[in-house]
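First to last, the protein sequences are chains A, B, C and D. Each step along the first sequence adds one to the number in my numbering, with nothing skipped, and position 1 is 1. Each step along the second sequence adds one to the number in my numbering, with nothing skipped, and position 140 is 140. Each step along the third sequence adds one to the number in my numbering, with nothing skipped, and position 292 is 292. Each step along the fourth sequence adds one to the number in my numbering, with nothing skipped, and position 214 is 214.
Among the clues, some could well be false.
[As the list claims (entries may be wrong)] Straight-line C-alpha distance at most 16 Å; calculated EDC-like pairs for lysine to aspartate or glutamate:
#	chain 1	residue 1	chain 2	residue 2
1	B	Lys-264	A	Asp-207
2	A	Lys-231	C	Asp-3
3	C	Lys-325	C	Asp-121
4	D	Lys-317	C	Asp-29
5	D	Lys-378	B	Glu-379
6	A	Lys-378	C	Glu-379
Honestly, the hints are just simulated from the structure, not real lab data.
Number of protein chains: 4
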Amino acid sequence: MLDFHTAGESHGKGIIVVVNGLPAGLPIDFDMIAGEMTRRRNKAGSGPRMSMEGDEVEILAGIRWAKTLGSPIAGLIRNRDYANWQEVMNPQGKPPSTYEPVTVPRPGHADLAGAVKYRYDDLRNVIERASARETAGRCFAGTLARNFLAPLHIEIGGWVESIGEVKAGSGENFHEKSRRARRSPVATYDAEAETKMLEALEHAGRDGDTLGGTFVVVAFGVMPGLGTHVKWDERLDTRIAGALMGIPAIKGVEVGDGFANSRKRGSEVHDEIIRSSSPSFPFTRRTNRCGGIEGGVSNGETVWARCAMKPIPTLLKGLQSVDLKNGEEKQARYERSDTCAVARALVVAEAMLAWEIARACRVKFSGDSMEEVLDRFKEYRSYLSNYRML
Amino acid sequence: MLDFHTAGESHGKGIIVVVNGLPAGLPIDFDMIAGEMTRRRNKAGSGPRMSMEGDEVEILAGIRWAKTLGSPIAGLIRNRDYANWQEVMNPQGKPPSTYEPVTVPRPGHADLAGAVKYRYDDLRNVIERASARETAGRCFAGTLARNFLAPLHIEIGGWVESIGEVKAGSGENFHEKSRRARRSPVATYDAEAETKMLEALEHAGRDGDTLGGTFVVVAFGVMPGLGTHVKWDERLDTRIAGALMGIPAIKGVEVGDGFANSRKRGSEVHDEIIRSSSPSFPFTRRTNRCGGIEGGVSNGETVWARCAMKPIPTLLKGLQSVDLKNGEEKQARYERSDTCAVARALVVAEAMLAWEIARACRVKFSGDSMEEVLDRFKEYRSYLSNYRML
Amino acid sequence: MLDFHTAGESHGKGIIVVVNGLPAGLPIDFDMIAGEMTRRRNKAGSGPRMSMEGDEVEILAGIRWAKTLGSPIAGLIRNRDYANWQEVMNPQGKPPSTYEPVTVPRPGHADLAGAVKYRYDDLRNVIERASARETAGRCFAGTLARNFLAPLHIEIGGWVESIGEVKAGSGENFHEKSRRARRSPVATYDAEAETKMLEALEHAGRDGDTLGGTFVVVAFGVMPGLGTHVKWDERLDTRIAGALMGIPAIKGVEVGDGFANSRKRGSEVHDEIIRSSSPSFPFTRRTNRCGGIEGGVSNGETVWARCAMKPIPTLLKGLQSVDLKNGEEKQARYERSDTCAVARALVVAEAMLAWEIARACRVKFSGDSMEEVLDRFKEYRSYLSNYRML
Amino acid sequence: MLDFHTAGESHGKGIIVVVNGLPAGLPIDFDMIAGEMTRRRNKAGSGPRMSMEGDEVEILAGIRWAKTLGSPIAGLIRNRDYANWQEVMNPQGKPPSTYEPVTVPRPGHADLAGAVKYRYDDLRNVIERASARETAGRCFAGTLARNFLAPLHIEIGGWVESIGEVKAGSGENFHEKSRRARRSPVATYDAEAETKMLEALEHAGRDGDTLGGTFVVVAFGVMPGLGTHVKWDERLDTRIAGALMGIPAIKGVEVGDGFANSRKRGSEVHDEIIRSSSPSFPFTRRTNRCGGIEGGVSNGETVWARCAMKPIPTLLKGLQSVDLKNGEEKQARYERSDTCAVARALVVAEAMLAWEIARACRVKFSGDSMEEVLDRFKEYRSYLSNYRML
């Protein structure tokens, strides 16, 4: 089925991605790929590191004349700065004589736990792989997924809801929020909140501090029947929760208003079923508090989930740590970093949502060629359109 | 690798569980199994259904003279009420002539989406498998995991934090909370809150309504180095988030104070690293806000996560729905149910946390026999105890 | 995806099978299941053990009114002799005071390697799981696969080609061979060879010796396009070779005349492509030496493979071994056994071929309900029927 | 656990390999990699294509200063001839106006089945991925596996036994055969047979025909206890058979003398267990007919398997085929090819055997760092050395 694998260190030659399981004959929109790779970069809260990153994807395999071949797709996102790191990240050779290993772990990062686990003598080995740079690979895989979803009329969106203590207002509908967020430097839909978020970022940055926040990711146009209730590890919510929580710095996920709903009564939470005049499916809901998933299966409403991101752990003002060589107390090293990565994590989260929805669609529709996928999709739409229990 | 598979319908012959990958020679504590299976049953908020459920596990394979064989373990949790459902759930034969299929889906359940997906002509087919009854199987698998974790000095606990709008007080340390919760009918540690929770349950029940809530699950004694930062789908937080979100009615998961931390500054969130005088590992933290996981790897602190559970969707007062046969508006059918399942879901969530921690331990220590596992565990403890980067 | 898991010890309560991934709405033919379970038993060469085995499958889950539910299917094949083994194979309790562990490993079995691997103090722990009894579980899973293949017009067959040095004659076409083999006590198609095989079995049995042999398994009606050339571990030949070699005592597998073809020239081996007047696919071959698989993909011809089975390693006349407790030389213990298991292994091999073909069909057609599978199958047939490259 | 993924088309930019699951701190011998990549090329029977192939592996990730990082390893084997194929294999753009798709499938290749499966309008899409070029990727992965096996004292070897009808003589012991084969242009150990094989190749080449053959792959130093009898798909023979059969043009696999043994009596086949004076394990065998695997588990003897390779299907003299555009009969197109690939397939088969043995060792020893792996290996050796059942 659909899976992907990334390799690559932050300052190595690049991030490599291999994607298995897309059907043959899927048209690939290279502008969409470039667009998403760019979205991941230039946002408020980014430091100088981001503008230096090269996020062009070189396709190495699996695509010919802008269509998938059905064979594995490989992409390479080169590190443009590799020349400056050649010696330090050399696959061959030896450490330069002047090289100083990193030995003071940063709280909030995998540094300490990773070094202990892999018995490293240099924290750089953790830093390089645990870096958010690897998410460029997830973005690429997720954008291939978006390409696959487009002809199935599924679209992925999202927006930032809060940065630090600043929360966006209630806003309009999901489509509108998502559309507006695309043009905002903090990826939010609320102009007033945007101003305050930018201020908060400036304040925090001035204090050498960092901020986290929350965002919502959305899948529009998801048909009922993705995921399953028969196997816990194939439930749509199991998969989505894992994929979102696995993004660096994401520490909370809720499907719909999960936490708020836990405080309400059943009669205030569940989405009653009513008849619909829509030509696509004869039933709908008055509300969508459950995030479009019931019993682990998509129910035909918009799928949406909220993520909580912790503040970036690399602070200019420093955090207390120790030197692992000798146990001495030290300030955690400051690797060049940003004040806030919420708007960028949103892009990665959209990619991962796209990925999981695409994966579930591959299970539902399968087919070795896009032609078969579309036939099956159309057949299913027609079945849904006339749905009646027999 | 450790994996498990369940089969079984709610009113069928029983729930069957097959567990692959436990080492040979692991002593199995049958009292612990019986204890956990019982914990899953008798809690405040349960209706008459629970007291009727038979939750004895019959071991069919993989255990001999109270020790694992290293071969797959199979357990069967019989449905004691099967005699009354024999005709309706018969694997062979035909529908009884008087049988009436269920055709009105309950909002909040997989009913509608599942029926559409699998093209059922009877919602009973969804109801039977999407039932919380299947979690008895997860409990059994998770209790085997607890058996495996015990000699590794890892213990699983948890407590209910809120039911509806009633929230427990701040309480003492995790161990104390967990210990107290075991004796509470609502699985909470705070006697005052307990009284209010029971009142809230009574009120809601009287109104024909239901309640959800939140709870925390905890793994004590987790060594640094479980999970990994090198592969997103093998991160410890990816796995735990998926396993918890995949429990019926769980709609939110946070590792540590994920959502609250998203509103704070970096300097207030991250857990600074200090020297420790503990003989087990020379470094520790002043705080544990990150839930014991950094960069997807356990960091040696207690692992903890919070779940949000929605109110039970089967309400005596009914929810609006439609009849799928003819599209007519109907009240959703009332399957005998409970007012609140939060205390029971906690038990399932503890089982799933035990499972995922055990799985990560199998990756870290491996070994075909418990003897090898323990050798490796001891070697690792000694390594941790004297840890210094070389 | 289609997968199955077995658990169970030879003299334990039974063999448990869980099958994941069959679509909903598949009619199950219980007579076919009973028939295949019986075929696995009563053949020439069997000793008294086989007639005692109970091979009735009790369906525990996943099937209702003779149709699959789409949820996992669980079956239990009870050991009718368990009453006599209750103490020795008790999941709980302790070894009976009179119990003598097995400590002399039988050459040709997993005894020694398994005991070393799992650190057993009793070879019975290996014997019980490495037993051919477990293949009853594979038969059940394979027969469910046959049920799934039937509406796709795919049928599985096979025949014994040789027992010891006795080889069947050239015979007629595959269908005829397969049909005749079903009625033969040694599962061969050639009456003359049958007589000689039975003689050879009698001779060997009289000498306290055992025999192996070869057999062919066949899948009729396989459409082109199962398996894939794009990923080595999803090639159809990779999967089939593994599934057949994994049957106890199978030590050789060839797809088509693999070994004989290695001695010929290319012009004598490859199956030239010609036009066909068949309504099902416009191209065919004059020969089918490659076993219906080219480049890891089924090519539309009959899929066939040959297996070599070693003689049963449990000999009445004994083989030299050692006592693992003290290193003393001993004769290997004689567990009640048969002279020859080739005809029975054929049944298991057919089951595993059915399984792998079904698995590949699930990938090709997918669908959550049999209705969808059949729609897709029909669409594909019509595509094949009119196949022309565009 | 250990897995690898390849991507890449024969005339595309290159073959990409991602390897997951090797421990950190494993020293990588780049000369060994270069050596194996070269072995795969220059052998008798190769046509001009091979000498043009560039088989240098560029490491893109996962290795630093000649040691693994524990993160995924990525390698790229560039196609030096890409400049000439740039337009035809362009990931972007359009077909050149002069481009002629391939429409006549070659018998013996995936051409027809692959085109039907993926609905291609150009057989080049199959040819490019089904090409033996992809095995360069498997060689790279297998050589990493050899690097991992070296400190575990496991060595992989092999030799060609026959080419066409020419069979090598009985030869000496396995080590000697393997050693000699390394220096032979046809990878055999028997000087006399070598001469005849070269003659046979010349004859066949002159006739525009091709040859297949058989070879043996061997793993020296395998400890007892790899693989398992408890799960059919994790048996060592299941895995090895699949990995070898999945190599292009391999159509037969036997573990030990699988087919010959099927004709003998049990008393002549099984490897009796005797005491050994070796310091490594107190038991051994007088013979090793079973290929070092009993019941799916390595038994401490040398693991060996034989493969049958069909003759190369691309013949200068042509094979009958059809044009898929219009159904007309045509001679199969001659893609530049070789007379015989047996000696090269041996190198790939050794790589895959190395891979599967390494995978089984990862299961047995696990560990995130090579230090842990070696500790566990040493502990196991000491256990084996003093083995006695307790």
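Each hint, compared with the structure:
Restraint check for B:Lys-264 and A:Asp-207: satisfied, since their Cα atoms lie roughly 14 Å apart, inside the 16 Å limit. As the CA atoms of A:Lys-231 and C:Asp-3 are separated by approximately 13 Å, the hinted pair is consistent with the 16 Å bound. A C-alpha spacing of about 9 Å is found between C:Lys-325 and C:Asp-121, which places the hinted pair at or below 16 Å, so the restraint holds. Our distance criterion of 16 Å between C-alpha atoms is broken by D:Lys-317 and C:Asp-29, whose separation comes to about 51 Å.
For the given pair, D:Lys-378 sits about 13 Å from B:Glu-379 by alpha-carbon distance, which is consistent with the 16 Å threshold. Between A:Lys-378 and C:Glu-379, the direct Cα distance comes to roughly 13 Å. Compliance with the 16 Å bound is thereby established for this hinted pair.
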